Amino acid sequence: MSGAISGYMVFAWSGVLLFGLGLFGFIAHRHLLRRLLAFNIMGSGAFLVLVGLAQDGRGVDPVPHAMVITGIVVAVASTALALVVFRRWYRASGRTDLPEDT
Amino acid sequence: MIGLWSVPLLFALPLALGILSLLVAPAWRARLIFIGLPLLVAASLDVLAGLATAGPQVYRLGDWIAPLGINLVVDGLAVGMILMTTLVASLSALYARVYLRDHPPASSFFWPLLWFLWAGMNGIWLAEDIFNLYVGLEVMGLAAVGMVALRATPQALAAAMRYLLAALLGSLAYLLGVALLYGAYGTLSMAGLQEAATNNATTQVALALIILGLLLKTALFPLHAWLPPAHGGALTPVSALLSALVIKGSFYILMRLWLVLGPEVTPELTAQLLGVLGAGAVFFGGWMAWRQHHLKQLVAYSTVAQIGYLFLFFPLVTNTSPEAARLAWDGTLMMLVAHALAKAALFLSAGNLILAVGSPQISHLVGISRFRPMSLFSFGLAGVSLMGLPPSGGFTAKWLLLHSAILSGQWWWLIVLFLGGLLSAAYIFKVFRMSFREGPQIDRSVTPPLTLDVVALVLAASAIVIGLFAHLPLHWLRMGSMLGMG
Amino acid sequence: MSLRTVFAGLLCLGVIIALGWAVLERPMPEENLPERVAEAMPESGVEHPITAVLLNFRSYDTLLEIAVLLLAVVVALALREAQPDRPEQMGLDNPLLRAVMAWLLPLILVVAGFLLWAGSYQPGGAFQAGAVLAAAGVLLRLAGVTTAWLDNATLMRAGLALGLLTFLGIGLLVMLPGVPFLTYPAEHAGALILLIELTLTLSIGLTLISLFRLTPPYADDPDDARRQETPKP
Numbered sequence: 001m002s003g004a005i006s007g008y009m010v011f012a013w014s015g016v017l018l019f020g021l022g023l024f025g026f027i028a029h030r031h032l033l034r035r036l037l038a039f040n041i042m043g044s045g046a047f048l049v050l051v052g053l054a055q056d057g058r059g060v061d062p063v064p065h066a067m068v069i070t071g072i073v074v075a076v077a078s079t080a081l082a083l084v085v086f087r088r089w090y091r092a093s094g095r096t097d098l099p100e101d102t
Numbered sequence: 103m104i105g106l107w108s109v110p111l112l113f114a115l116p117l118a119l120g121i122l123s124l125l126v127a128p129a130w131r132a133r134l135i136f137i138g139l140p141l142l143v144a145a146s147l148d149v150l151a152g153l154a155t156a157g158p159q160v161y162r163l164g165d166w167i168a169p170l171g172i173n174l175v176v177d178g179l180a181v182g183m184i185l186m187t188t189l190v191a192s193l194s195a196l197y198a199r200v201y202l203r204d205h206p207p208a209s210s211f212f213w214p215l216l217w218f219l220w221a222g223m224n225g226i227w228l229a230e231d232i233f234n235l236y237v238g239l240e241v242m243g244l245a246a247v248g249m250v251a252l253r254a255t256p257q258a259l260a261a262a263m264r265y266l267l268a269a270l271l272g273s274l275a276y277l278l279g280v281a282l283l284y285g286a287y288g289t290l291s292m293a294g295l296q297e298a299a300t301n302n303a304t305t306q307v308a309l310a311l312i313i314l315g316l317l318l319k320t321a322l323f324p325l326h327a328w329l330p331p332a333h334g335g336a337l338t339p340v341s342a343l344l345s346a347l348v349i350k351g352s353f354y355i356l357m358r359l360w361l362v363l364g365p366e367v368t369p370e371l372t373a374q375l376l377g378v379l380g381a382g383a384v385f386f387g388g389w390m391a392w393r394q395h396h397l398k399q400l401v402a403y404s405t406v407a408q409i410g411y412l413f414l415f416f417p418l419v420t421n422t423s424p425e426a427a428r429l430a431w432d433g434t435l436m437m438l439v440a441h442a443l444a445k446a447a448l449f450l451s452a453g454n455l456i457l458a459v460g461s462p463q464i465s466h467l468v469g470i471s472r473f474r475p476m477s478l479f480s481f482g483l484a485g486v487s488l489m490g491l492p493p494s495g496g497f498t499a500k501w502l503l504l505h506s507a508i509l510s511g512q513w514w515w516l517i518v519l520f521l522g523g524l525l526s527a528a529y530i531f532k533v534f535r536m537s538f539r540e541g542p543q544i545d546r547s548v549t550p551p552l553t554l555d556v557v558a559l560v561l562a563a564s565a566i567v568i569g570l571f572a573h574l575p576l577h578w579l580r581m582g583s584m585l586g587m588g
Numbered sequence: 589m590s591l592r593t594v595f596a597g598l599l600c601l602g603v604i605i606a607l608g609w610a611v612l613e614r615p616m617p618e619e620n621l622p623e624r625v626a627e628a629m630p631e632s633g634v635e636h637p638i639t640a641v642l643l644n645f646r647s648y649d650t651l652l653e654i655a656v657l658l659l660a661v662v663v664a665l666a667l668r669e670a671q672p673d674r675p676e677q678m679g680l681d682n683p684l685l686r687a688v689m690a691w692l693l694p695l696i697l698v699v700a701g702f703l704l705w706a707g708s709y710q711p712g713g714a715f716q717a718g719a720v721l722a723a724a725g726v727l728l729r730l731a732g733v734t735t736a737w738l739d740n741a742t743l744m745r746a747g748l749a750l751g752l753l754t755f756l757g758i759g760l761l762v763m764l765p766g767v768p769f770l771t772y773p774a775e776h777a778g779a780l781i782l783l784i785e786l787t788l789t790l791s792i793g794l795t796l797i798s799l800f801r802l803t804p805p806y807a808d809d810p811d812d813a814r815r816q817e818t819p820k821p
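These protein sequence lines are chains V, S and A, in that order.
For the first sequence, the working numbering begins at 1 and goes up steadily by one.
For the second sequence, the working numbering begins at 103 and goes up steadily by one.
For the third sequence, the working numbering begins at 589 and goes up steadily by one.
For the record, the hints were derived by calculation from the structure and aren't laboratory data.
What you are looking at is a predicted structure, and each value in this text was computed from that prediction instead of being measured.
Mixed in with the good hints, there may be bad ones.
What the hints assert, rightly or not - Estimated spans, in silico, between C-beta atoms of each pair:
| no. | chain 1 | residue 1 | chain 2 | residue 2 | range |
| --- | --- | --- | --- | --- | --- |
| 1 | A | P773 | S | W514 | 56 to 64 angstroms |
| 2 | S | L552 | A | L783 | 44 to 52 angstroms |
| 3 | A | L599 | S | R535 | 41 to 49 angstroms |
| 4 | A | L599 | S | G364 | 25 to 33 angstroms |
Unchecked claim - Chain S is faced by these chain A residues, among others (derived, beta-carbon under 10 angstroms):
| no. | residue |
| --- | --- |
| 5 | A606 |
| 6 | V611 |
| 7 | L612 |
| 8 | P630 |
| 9 | L651 |
| 10 | V656 |
| 11 | A660 |
| 12 | Q671 |
| 13 | D673 |
| 14 | L730 |
| 15 | G732 |
| 16 | A746 |
| 17 | L753 |
| 18 | L760 |
| 19 | M763 |
| 20 | L786 |
Claimed, not checked - Residues of chain A clear of chain S, computed beta-carbon distances all greater than 10 angstroms:
| no. | residue |
| --- | --- |
| 21 | A596 |
| 22 | L728 |
| 23 | L783 |
Note that the Cβ used here is the ideal one computed from N, Cα and C, for glycine as well.
With the rest of the complex left out, here is chain V (with noise of 0.2 angstroms):
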């Protein structure tokens, strides 16, 4: 395709280093709180991918943005649960990673 760099493909370019950054992050890291951001950057990655394609050369779609909405909502709520079952964790057992996980 030419023309790959319109202005909403600088968004999905971005969102594509945002994921596997984040995919970086989230395999290299142990520390749950370290894995839990790289999640959200990888989220945020996969929504600017979601935006920014469906854009490119048709102009605005209010579709997209309403799924990232929701994806945001979703994401917001992963990370929350996420983060009450790691503090659980880290009071019973004093850990900040997961058992044999080396």
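Starting from the structure of chain V, add chains S and A where the hints point.
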């Protein structure tokens, strides 16, 4: 319009009950099942009646036509899964009401989680929209994680955390695949994708992301590490729900999408690879199950193994003759349903045996056959189906898959079916050998409430019965199937 | 560099290359969904297309999304009951913070109300407004202000449930003339959506506040936490 009320009730009712169970006094939470179960059974049967009289339907939420709105698909496959869910979840709920009396904090919060889980599963079975499936997966996944965490012991929290991380990573991979598909085809509806999708780099990468995400959530070998601690360590009714139903959700999505994208897009190499991973799961899971010392861990590894059979679907339907594909479809669905019934029965009867001897160790089952014959009988019946011995659902499923493999000339899958059955026999008989041995620990047995035994027996018996009357459910499941066989 | 890091690096590189390839080779969609949205806007009851998609065309997604939020609270409640917290510690007892709060709180409430109202014709809506409300709750908590209504479990749960119950109730009530779930009649769609958004804002705000309050308040020293739990003779 057929199913006007019953279709939305399948998810709206559990959602409403989920909220209500937060509002009522703890003592009343379990009793809500006496309102919920009859209504859900009625709604499921009404949907089935609608399918039988009027054939497959599309339900337009908000009266908007896809791709603008979200449609639901009420075909044989969806209705089959709904009935399976209603049966297994209702029985597990009856079991849980009695079982959880001894687990005070968990007993009051199990109920809202159960209803939300149910809503999420019914949402997934009915979904026709790939983004809606993402939200449905999250409802089901987070409810399942919450159920694993309910025990709140350090082990339960670690298992829940591990499960959650796998589920989140899987969802994101799936979501990114959806983002690519929407970018390429401008639609989220499966029907729209079926028409528009062509074979190109974007579709292939999206498909790869979706497959990887869903494999992680289905716990297919070698991505299964989160499953045994989560399923084996949870409260018994939770183990049954998760192993019997929840892992099927992500497999179901994969199956539907595979057929929607069609043979032009789905690569044969990937299909073979999925089959090989399935074979790996059958061998590795069976071997690990045999090596376990904890009864419920054994059952959990048995799930890892049985998931493998489901994945023989992909090589058997991709670029094979219509007859072989039809047999593979029938066999896989029979396997899915029979495993749901048998695995729920196996987990529940294992829970009963553990209650009886007061220990999760298999070695402590010595002599239990004298005192708890009924629990052991349910365990054995469920085992018959898992091993694939006639006349069980597991046997019918393997028989159909075997025919499909022969017809399509892929004889190597026969080895998987045969050796897998032997491995299952090995771990089931390991439990039996211990139970029939006489030993010094025989006077320690306590009698669990009768309900617990009855529920496990009903599930185990259904796993057998479904094999005897397989033609009827298979006939429904084929209605409107995407293999084009009416 | 550990094996894990090398593996993560290779995987990350592979994913970026594959995604880049997918983005470069993307075909242009033939389906034009924005056009369909534009055509259906007059029947949606709102003027802003994103709100129309969220609360009318794809409102089923939003319904399930609220269930996901509630699920997180249910798990948080369950874990707190299984692993009880110490009596709640107050936040920073800082007079300056309290003085600023007195100014900030009304402002926050006005902003939340504006965001909710703005949602019908420009970016904004229930989630944004709910998040701002939650910020107010978090500030209150950090300043150690005791709020009887936030500590009242029954009231709190009713507030949490309100949004989803209203959403479900309206979705089912509109079916009475014999139309599918969530089909708002075009002439009342605006009012119904506003009512749903209003209750959702409140519930989303309370959900986020609850999630903040239900995590153990002290996570700095688990040994200390465990010592505190052992019953004193």
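Comparing the hints with the structure gives:
1. P773/A <-> W514/S: 56 to 64 angstroms: holds (59 angstroms)
2. L552/S <-> L783/A: 44 to 52 angstroms: holds (49 angstroms)
3. L599/A <-> R535/S: 41 to 49 angstroms: About 44 angstroms separates the Cβ atoms of L599/A and R535/S, which means 41 to 49 angstroms holds.
4. L599/A <-> G364/S: 25 to 33 angstroms: With Cβ atoms ~29 angstroms apart, the hint holds.
5. A606: This hint holds: A606/A lies near chain S, its Cβ roughly 5 angstroms from the closest one there, short of 10 angstroms.
6. V611: holds (8 angstroms)
7. L612: Hint holds; L612/A Cβ to chain S Cβ min 8 angstroms, cut 10 angstroms.
8. P630: violated (13 angstroms)
9. L651: holds (8 angstroms)
10. V656: holds (5 angstroms)
11. A660: holds (7 angstroms)
12. Q671: holds (5 angstroms)
13. D673: Given a least distance of 13 angstroms, the restraint on D673/A is violated.
14. L730: It is violated, given that the least Cβ distance between L730/A and chain S is near 26 angstroms, above 10 angstroms.
15. G732: With Cβ-Cβ at 28 angstroms, over 10 angstroms, it is violated.
16. A746: At 7 angstroms from the nearest chain S Cβ, A746/A passes the 10 angstroms test, so the hint holds.
17. L753: holds (6 angstroms)
18. L760: Holds, because the Cβ-Cβ distance from L760/A to chain S comes to roughly 6 angstroms (cut-off 10 angstroms).
19. M763: For M763/A, the interface hint holds, since the closest Cβ of chain S sits about 7 angstroms away, which is under 10 angstroms.
20. L786: violated (18 angstroms)
21. A596: Nearest chain S Cβ is 12 angstroms from A596/A, so the label holds.
22. L728: It holds; L728/A is separated from chain S by about 23 angstroms at its closest Cβ, greater than 10 angstroms.
23. L783: Its Cβ never comes within 10 angstroms of chain S, the nearest being 16 angstroms, so this holds.
Of the numbered hints listed earlier, those contradicted by the structure are 8, 13, 14, 15 and 20.
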